Each structure stands twice: as C-alpha cells, then as structure tokens.
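**Student:** So you can see what is in the structure, the chains are spelled out below.
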Amino acid sequence: MTSLSRKGRTRKGNWPLEAAMIVLAVLFFIPIYYLIVTTFKSPEQATLHPLSFPSSFGFAHYRDAWHAMDYPKVLGNTAIVAVSSVVGIILFSSMAAYSLARREHAVNRVIFFFFLAGMMVPFQMGLVSLFKLINSLGIMDTLLAVICVNIGGGVVLAIFLFKSFIETSVPLELEEAAFIDGASVQRTFWLIAFPLLTPVTATVAILSTLNVWNDFLNPLLFLQSRDNSLILLEVYRNIGQFSVDWTSLFPMLLLGVAPLMIFYLVMQKYIIKGVAAGALKG
Amino acid sequence: MRQLKAIWLALPVLALAVTGCGSNGNNGNSNAAASPDTSASASPSAPSGEKVKIRMAYWNKETTVQSLLDLIKQKLPNIEIEYQFIENAQYDNIIGTQLAAGSGPDIISVGPPAATQYNKLGYLADLSSLADRFSDAGTSVYSVDGKLVALPGISWFEGIYYNKEIFAKYGLKPPKTFEEELQLHEDLKKNGVKPQAMGAKSFEPMMKSSMGLIMNEFLSQSANKDFDAKYGKGETTLEGNWNAGLEKWSELIKRGYLTNDMLGIDYDQALDEFATGKAAMWESGPWALEAIKQKNPNIQLDMFPFYGSAEGPGWLIGGPGVGFAANAHSKNADAVMQVLDLIATPEGQKAFWENNQGGSSYLKGVSFDMPAEFDGVKETFQAGNVYAPWNNWGGSASSIIEDYGKALQELLGGKSDVSSVLKTTDKTTARLLQLNK
Amino acid sequence: MNRTAREFQYGLFLIPAFLFYVLFCVYPFATMFYYSLTDYSIAKQTGLHFVGFRNFSEIAHYDLLLAGIKNSLIYAVLMTVFQTALGILLAVALDKKLKTRNVLRSVFFLPAVFSPLVIGFLWNYLLSTSDAGLINRALTSIGLDKVNFLGDSDLALYAVVFTQLWQWTGWAMVIFLANLQSISKDYYEAAAIDGATSSQQFWRITLPLLQPSVSVVSVTAMIGGLKVFDIVMSLTGGGPGNATQTIMTAYIKTSFDEGFYSFGAAYGVVFFGAVLVLTMLLMQLLKKWGGSNR
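Chains as they are written, first to last, in my numbering: chain A, 1 to 282; chain B, 283 to 719; chain C, 720 to 1013.
Rather than coming from a laboratory, the hints here were simulated on the basis of the structure. Bear in mind that the values here come from a model prediction, so they are computed numbers and not experimental data. Beta carbons: idealized from backbone N, C-alpha and C, even for Gly. Hints may be right or wrong, so weigh each one.
[As the list claims (entries may be wrong)] Taking beta-carbon pairs under 7 Å as the criterion, some of the chain C residues facing chain A (in silico):
1. Leu-733
2. Tyr-740
3. Phe-743
4. Pro-747
5. Phe-833
6. Phe-840
7. Leu-853
8. Gln-919
9. Val-996
[Said to hold, decoys possible] DSS-like mimics (lysine-lysine), calculated; alpha carbons at most 25 Å apart, straight line:
10. B:Lys-512 <-> B:Lys-660
11. B:Lys-451 <-> B:Lys-472
12. B:Lys-458 <-> B:Lys-446
13. B:Lys-536 <-> B:Lys-458
14. B:Lys-632 <-> B:Lys-660
15. B:Lys-451 <-> B:Lys-613
16. B:Lys-471 <-> B:Lys-458
17. B:Lys-357 <-> B:Lys-471
18. B:Lys-429 <-> C:Lys-763
19. C:Lys-865 <-> B:Lys-697
20. C:Lys-789 <-> B:Lys-560
21. B:Lys-471 <-> C:Lys-865
22. B:Lys-646 <-> B:Lys-357
23. B:Lys-536 <-> C:Lys-865
24. B:Lys-697 <-> B:Lys-530
25. B:Lys-402 <-> A:Lys-132
26. B:Lys-560 <-> B:Lys-446
27. B:Lys-507 <-> B:Lys-709
28. B:Lys-471 <-> B:Lys-512
29. C:Lys-865 <-> B:Lys-476
30. B:Lys-429 <-> B:Lys-446
31. B:Lys-357 <-> B:Lys-632
32. B:Lys-458 <-> B:Lys-472
33. B:Lys-705 <-> C:Lys-865
34. A:Lys-132 <-> C:Lys-763
35. B:Lys-476 <-> B:Lys-451
36. B:Lys-515 <-> C:Lys-763
37. B:Lys-709 <-> C:Lys-865
38. C:Lys-789 <-> B:Lys-697
39. B:Lys-455 <-> B:Lys-471
40. B:Lys-472 <-> C:Lys-865
Let the sequences and hints guide you as you build the complete structure.
**Tutor:** Here is the structure:
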C-alpha cells in the first residue's frame, strides 16, 4: 500500500459522499425552506401545495408583521443588547481565562471550578432573587438589566473555551520574553496573547451572539415597556394575534430570525478561515 | 481580526441609523379592528402634554380587548396603555415574580384565586369606591373582607359550537341528552365527517368537557351541593364520587370520537378545523367567535350546552371572568383609577363586551343582547346553569385542574384508567393542601 | 517588574468577570440554598421560618418531579451521545475536499441560529396531525398512517430530541471542524506511509485528537440537556400528561405556578447536586480517555 493508491481511492470515494451530503442537506433545509415559502402564500395555497415555490411574491404579510412588531425599533434594541453583551463577555472572559491559565495555583484552580460550576447552575432557580436584585439596582425595564444578566451568565462558557484554548494553543515563550523586557501583564495580554486568541474569540462571539439574541426568558422578565422591547418579545406578543391565519405568523417568525441568519451567513466564511489560520499558527 | 472589529463597530451605528429613521410608528394600520374614528380624534402626535404610560397585562390577546383599548385611547388621550400579552401558561409565573419584586404591571388581570392571594400579600389597591356600580354577583368573587380588589369583567362560558350547515346537510339536530350526543357523533362519523375538533394538546378541553357531564350527572344533585367546597378543603375525594360520570364521559374516547391524534392538536389548529368545516363541532366559548368568523365569514354556527342522561336545560362551564385589579405600588395611581373608572361605565363595559360577545356584564343596569350564535344555550342561561366546579376548590385550584386535565390526556393516550385519573387528581389536591398548611 | 506586582495584575484580570458572575449568577442562586430550608412561598414572603430538610423529603413523593428527573436524564443522554456522534460524522465528512462543503456547512449550522421559541412554533406545525403537519402529510401521501409525534406519550420526548438534534448537530459540527483543522496533516501523511487505511486513521488519529472538542460538546450537551426548558415549553408544554416534563419545567411549575418557592428551591438544590456529580463523572471519563490516548 502506498500513499498514491490511498489518494486515488479517496478521490473516487468523494463523489458518493458529496451526493449523500447534498441529499442530507436538502432534507435538513426543508423546514427552513417551508418557513420561507409559506410566508408568501395564502392559507389555501399553503395547504394545497405546501412545498411548491410561491407563484407570486406578496409582501403584505411582511408589511403587517413589520408594523405590528415595530421592527426597526426592536431590531435596534436587540442589536444594542447583543453587541454590548458579547463585547463584555469577550473582554471579561478572555482576561479572566488568561489569568487562570497562566497562574495555575490552588486559589485559581478553585476560582476556575467556581466559574465552571456556573455551567451547571440552572439560573432560573434564582429567578425570584435575581428579579429583586435588578429591581433594587434600579435597572428594571432597561436594556442594561438584560445586558448585565447576559454577561454574568455568558462569561462561564466563554472562560471555559478561552482557557482551554490558551492552554493548548498560545505559546508561553513570547510572553516570557515580554516580561523579561519589563512589560506589564496588561500590555502582554493585549499586545501578545489576545491577538492570538482570534479563532476562539470568533467562536465565543458566535456562540454568545446566538445565546444572547435567542434568550427569551430574561427579557420577558426584565423588560416590560414596549420602548425597550426586543425582537423575540414582539414575536411572542404578536403570535397569538396572528395565529388565526398561520401563514401570517410565518413572516413574523422569519423576521424574528432574519438578522441573525444574515449575520451568520456573512460571518461564517470568516470563522472557518480564522479558525484554520489560528490552527496553523498554533 | 480587522474585519471582525469593523463589523462590531458597524453594528451599533447601524442600529442607531435604523432606529433613527423609523421608530415613530405606532402600529396603527396593523389591525383590521382599529376603528376609523379613534385615529382621527387621537392622533399620536397630538400635542396634549406629557403622556402617562400605564402597563396592563392580560393572558388574552390584544384583539380580545381591542375596542376597550380604543375607547381608552379616545376618552383619555393623556394616558397610553401598554398592553402586555403573556401566555396563559406563563402568566401567573411572570406576574407573581414581578409583584414579588415590588414591580409588575399597573393594571393586573386576575382570576378569583390570584386576586385573593395577591390581596393577602398587599399587592392590590382598594377599588371599593367603584363597588356600588356592580351587582353583588360580580363583586362577591372579587371582594376580600368587604374590600373590592378587582373589577369584575364580562362573564365567560364554554359550550359546544356546531356547524349548522353540516348538521342540516345530514339532517341532524343538536342533542338533548348525552346519549343523543354520542349518537350524533356516530352519525357524523358514519357520514365521513369528523364529529368534533379538539385541541387536546392543552389540558383544558377534556377537563372542561368531562366536568360538563359531571355537573349534569353529579354536582347538580342536591345531595352534592357542597361537594366542591368540601373538596377544596380536602374533606372528600373525586375517587368514589366522580367515577360513574367520568366512566360515562369516557365513552367519547372508547367509541373513537375523541382520538389519540387530538393530543397533537392545539387550540389554534382545532379552531382552524372547525372554522373551515373539517369538523362539525368544537367545544369553546365566546372569545373564539371573532376568530372563527375572521377565518370563515360565511360559517353558520350555534351552540349547545353539556347534557346529562336526563333531558333538561343542560349546563355550561363558566364563571365570573377576568377581574381588573390595580397595582398598589403603581407610580401612576391616579391614571390607573381613571382607566378603571372608565371600564366601570356602561360605555366601558360595552367596549369590552364588543370583543367578548356572549358574556354578560356585572355592571348594574347594563345588559347586552346575546348574539344569535348562542341561541341554543338561551335556555341554559335562563336556568342559571353556568358553573365551574374549581372556582370553589380554593387557591390551588388552577394546579389541580391542570393535573386532572393532564391525567385525562393519559387516559386518551391509553395509559391510564378512570380510577387512576381521579386518584392522581386527589393526590395533587392532598399534596397542595398539605404544603399550604 | 517585581513578582508580587505581577501576581496582583493577574489577579485584577479576574475581577470584571468575577463581579458580573457573582452578582447576577451566584448570588441569586446562593440565596436559593437558604430558601430551600425555609417555608418561603408566594403566600409567605416575610418572617420566614427554618423548616430543616422538610422540603427535601417531599420531593420523593411527588410524581411530577420524579417524571421530570427521568425525562431530563433520557433527554440529556440522548442529546449528548447523538449530538457528539452525528456532529463528528458531519465534521469529518465536511472536512473532506468536497466542492460544496462551504454551502453544506452553512446549511447544517443554520438551524442553530433559530431561537427555541421559533423552533418550537415551526416544528409544532411540521409535526402536528393537522393539515399544516408537513411530515404527516408526507407520510400519508406515501400510504403510511399518521404518526402523532407530539401527542403520543411514548413518542413526544423523542420528537423533542429529534427537533433539537436537527437544531444543534450543526453547532457541534462547527466546533469539531475547528478542532479537526487544528490537527496537523503530518500525522495523516505519516500514517499513510505506514499503510493505515482511512478508517484506521479516523480511529487512531482523528478521534483521539478530537478529545478537546468532544469534551466541550459532550459536557455542554449534557448540562444543556439536563437544563432543557424553552423548547419543551413551546413544543409540548410538558405534555401529554407528564410525558415531556423535564427538571426545569417541573421546577418552574412547582415554584411559580404553585408558588412554593422553598419547595422548588429544594428541588433545584438536588438538581444542582446531581448535575455536578454527573458532570464530574463525565469529565473524569473524558480525561481518562484523553490520558489513555497519549
């Protein structure tokens, strides 16, 4: 057996694999396709030909959903919450993870476990107390309340991801050289270590964005006024009112996930590239 | 990295740009129900000074109070109602948590058990100044120690809607007894029509349907007059008392009229089946009427009540309906009182009734004509046969009926029997009583 | 720069994350330990009494809570195993030089961007037995009987798992892919020279070196599985009967619907302990696996 014969076999073998994966992907995509095409159909069309391509593109349902949700405003609110939370999570958790990874003494090991335990805490357990806390901090019904809770909960997984990445993929030598040159920990981290974290930062950014954007229970509890409403709250608020005609409901569901879908499609290439580049350097 | 940073930096800017240009829109044109006169008299940009915002929470959708909200907008231009719809299943969670933290909506929709509980905890303002306007039948359920804690809304009831056209097509008539009802199901089934739509994914429809029969067969007997009150205190059990009635009701399952697949259907889907003529009957109440007609404007429907073995006026499941309570800690207590005052006028009641046609008002001197769709239950109303057993089961009633309904789901799924359903429910009741001690 | 100053600087780095975490996660949670020993309830919010472990002993007698534990365990184990296994398969397949692999990756990940709320509503229609039920219509069109996915108590939990695998397998795949690409190609070339087949390469090189990502995916899948809440609420509401009640839905029902905060808190404490033990076991297992590979 030589490497040549192996390569030959794999190349031939790729076609069936590719075909199988495409079929699987099509099956995977049907629910989303169904969600999209149904938004353009009347209930009768949707019932008769559920999977056909829509014969015409009416945006009336979208217009109704757009207005009912006050879409531009809630999109803005959701973006503010998501960006602030994710930036906070990335900064705070990369710093903490760096400290924990580079100083593995007993105290830090305890602190790491303390953070790690947070992955297991069903935070809803503390909902009553959390609500009281938010209220007494005077941030009830502000976006800040949701941002704070998001960061508090979000740093846990992020620290876990950052720390294992730092330990496996960030070499100590450069940092040690910097210390010898008299650089402070801050300088060393921001100038040397943090840039090397790009791949895991991208992963954390994506995962936190998804978590934060799709979190529903916190905003439901901590945001009451419609001025501070978020996209999912509006979906939820409006769903019953449109459910009489379920084809009107689907545009709202789609509007609810559209920003994140676009965001992901744009970012995805970058992530794969960034992860690959980071892997080569490591 | 630079690319990533650029996106992060761009997002807030984008968000600002987006909110900047299009945030003025009140959803004026989103609902067909918005009446033209209100938009003329109270345009959003009217320079009428500072608007006071009042938050109102309810477990029914905005459309079910649309006319009332329009009236408030028109009559009280300085007050802006922020309507918060919270789904029934989560409603008590969320409101309870908010109130416990000293926050919560300004106007709280409550049922009788919640009203009693919240009042005990000091969450609710005293509304006794409005009490005189309502009949005793309405105020009694929302009064605690002579203090009115919530305004009684429009009463609710639930019976069985039927599609008159389908009935006429096969020469069928609404039943007079439960046995006739079973026969009716059989006739429809033979003709290839689904007799009854049911959203049994929720615990409610079977819970109410079975109690409908038990009210006829058991609870209406004079010997059992105090049964519900006793049950609420843990002095009696369902097991040993409801068995015959529930056994009889379960014929609907045994004969295949209520089927396993209904456990996968929810309220909206069941409504759809009935409204589009795919099923001949559907158990529901006045709140569904508008939705049915919106879906199928040409539908011809009527309602009949729950019947027992003997002929009679039958019974409807029902009660005093939602109460509107005021948060004792509201920052806008005056504005809240203005709104409640408006609700407690014939005009306010009319507006609320508008979207809940069929129920009756408890405001003195106000009565509404029953829509023709409820002709079939007139006699039942005249007999005063509107009742919901659990309203006398005490503060934990909503948990008990949920467990009862869930046990019935197991019965329909073939995982349980009549006696186990009742025993399970009794166990829940006993546990809740024990914990509440 | 002196040593203590540097240690101090390292310490400062921990503070922001620590502060947010303690204030918004740990503190509200810790108060629940206290509440679990009291008679705190919606009806009694001040002047609490200590009742010892009474709340804990109640749990064993409550069918709902026991059903919640059972279902959550089944759900978590299925999610952990299948999300990991299917995620690795997808990742390995899409790590090959396929022409369409970028598009395929996007498609498989896409469901993970949907909120559980939207997923719940969407699959509610897809799986229903009504006319809007796409899957049942497909079944009947090829002559099969309708399957009552969400209404049959023997199936409902598995239907929920199915929708969640659909949603999250792509997510696992992305993590595995990131890991796969960090594996040096040298290993494969060396193995090929030694005459190893592709499947041998998978078992001897790929899988052992995937250990870090398997840890992340399986641990988060299991904990996420035990904590599952949103999707159950929007898809089945815990029904039919108690067939899909999970620890979280049962907890929420006990503490908020019924208003027994202290009883719910005790259940939460037990739950927390159980998760802690299970996670430790799983991590120990993964560590052993990682160790034996080296």
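**Student:** For Lys-471 (chain B) and Lys-512 (chain B), compute the direct alpha-carbon distance and say whether it is at most 25 Å.
**Tutor:** violated, 40 Å
**Student:** Measure nothing beyond the straight line between the CA atoms of Lys-560 (chain B) and Lys-446 (chain B); if it is 25 Å or shorter, mark the hint as holding.
**Tutor:** holds, 13 Å
**Student:** With a cut-off of 25 Å on the C-alpha distance, tell me whether Lys-697 (chain B) and Lys-530 (chain B) pass.
**Tutor:** Cα-Cα ~18 Å, so holds.
**Student:** Does Lys-402 (chain B) pair with Lys-132 (chain A) here, judged by a C-alpha cut-off of 25 Å?
**Tutor:** holds, 20 Å
**Student:** Are Lys-865 (chain C) and Lys-697 (chain B) close enough, with their CA atoms no more than 25 Å apart?
**Tutor:** Status holds; Cα separation ~20 Å.
**Student:** Holds or violated: Lys-451 (chain B) with Lys-472 (chain B), Cα cutoff 25 Å?
**Tutor:** holds, 13 Å
**Student:** Is the straight-line distance between the alpha-carbon of Lys-789 (chain C) and that of Lys-560 (chain B) 25 Å or less?
**Tutor:** At roughly 39 Å apart (the allowed maximum being 25 Å), Lys-560 (chain B) and Lys-789 (chain C) break the hint.
**Student:** Next pair to validate is Lys-507 (chain B) with Lys-709 (chain B); report whether the Cα-Cα distance is within 25 Å.
**Tutor:** holds, 23 Å
**Student:** The hint names Gln-919 (chain C) as touching chain A; please verify it with the least Cβ-Cβ distance against 7 Å.
**Tutor:** With a minimum Cβ separation of about 11 Å from chain A (threshold 7 Å), the hint on Gln-919 (chain C) is violated.
**Student:** Straight-line Cα separation of Lys-458 (chain B) and Lys-472 (chain B) no greater than 25 Å?
**Tutor:** Holds: Lys-458 (chain B) and Lys-472 (chain B) sit about 20 Å apart, inside 25 Å.
**Student:** Quick one, are Lys-515 (chain B) and Lys-763 (chain C) close enough, alpha carbons at most 25 Å?
**Tutor:** Measuring from Cα to Cα gives roughly 20 Å; hence the hint holds.
**Student:** Can you verify the interface hint for Leu-853 (chain C): is its Cβ closer than 7 Å to any Cβ in chain A?
**Tutor:** At 6 Å from the nearest chain A Cβ, Leu-853 (chain C) passes the 7 Å test, so the hint holds.
Comparing the model with each numbered hint stated earlier shows that hints 8, 9, 10, 15, 17, 20, 28, 30, 33 and 37 do not hold.
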